[in-house]
Amino acid sequence: MRDRFDTARLLALGVPLALLGGALISQYVGHLYPCELCWYQRYPHIAALALAALAFVMPGRPARGVLVGLAAVAILLSGAIGVFHAGVEYHWWQGFTACTSTMSGPVTLDSIMSAPIVRCDVAQWRLLGISLAGFNALFSIGGAIAIFALMQRKRA
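Numbering-wise, the UniProt record's numbering puts 1 at position 1 of the sequence shown, and it's gapless, one number per residue.
One or more of the hints may lead you astray.
Unchecked claim - Derived Cβ-Cβ restraints for the label pairs, each shown as a range:
(1) F56 to D110: 21 to 27 Å
(2) V29 to D3: 33 to 39 Å
(3) L54 to Y90: 32 to 38 Å
(4) Y90 to Y43: 21 to 27 Å
(5) W39 to L128: 20 to 26 Å
(6) D6 to V73: 50 to 56 Å
Simulated from the structure, these hints should not be mistaken for laboratory data.
Here the structure is a predicted model, which means the values were calculated and not measured.
Built from N, CA and C at the ideal position, the CB exists for glycine as well.
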């Protein structure tokens with residue numbers, strides 16, 4: 001039977017893996033190009049993924065616990081950025097970023113002019129009124145809370 005810490009460690013690996021995978025599929029299959037705030041949400045997940053992976057190879061349970069805790073903090077940070085981004089998309093507050101664009105190949109005037117412009121304050125996709133930033137916020141914050149709850153020691 002799996003103990004609570006092992007479940008927390010699997011969640012710390014699975015949550016950022018699933019959310020980054022979804023972001024990459026949205027980008028490369030769905031052609032939803034990330035804006036600047038989308039990228040900011042990805043960076044903590046990348047860090048969480050590395051920390052959680054290290055928690056599977058690090059000797060000693062205390063060290064593994066620290067790594068899983070840090071991964072949960074990174075996941076929570078991505079969720080907080082997702083809340084901010086969703087607020088920018090819903091025009092609850094103003095963002096601090098400019099429009100961004102994705103380009104590939106050599107930089108020429110034609111490549112600059114034909115690159116898609118992606119605004120942080122416009123959701124490219126929504127399901128039930130929730131944008132991808134909103135889903136990231138929900139799943140990241142929920143996942144981080146679950147990891148923290150699983151890491152709590154049982155009290156007799």
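Hints, verified against the model:
1. A beta carbon spacing of about 47 Å between F56 and D110 contradicts the range 21 to 27 Å that was offered as a hint.
2. Distance hint check for V29 and D3: the Cβ-Cβ separation is about 37 Å, which falls inside the suggested range of 33 to 39 Å.
3. Take L54 and Y90: their Cβ atoms lie about 36 Å apart, and the range 32 to 38 Å holds.
4. The supplied range of 21 to 27 Å is met by Y90 and Y43, whose beta-carbon atoms lie about 23 Å from each other.
5. The hinted range of 20 to 26 Å is satisfied by W39 and L128, whose Cβ atoms lie roughly 25 Å apart.
6. Between D6 and V73 the beta carbons are some 19 Å apart, a value that contradicts the proposed interval 50 to 56 Å.
When held up to the earlier numbered hints, the structure conflicts with 1 and 6 and fits the remainder.
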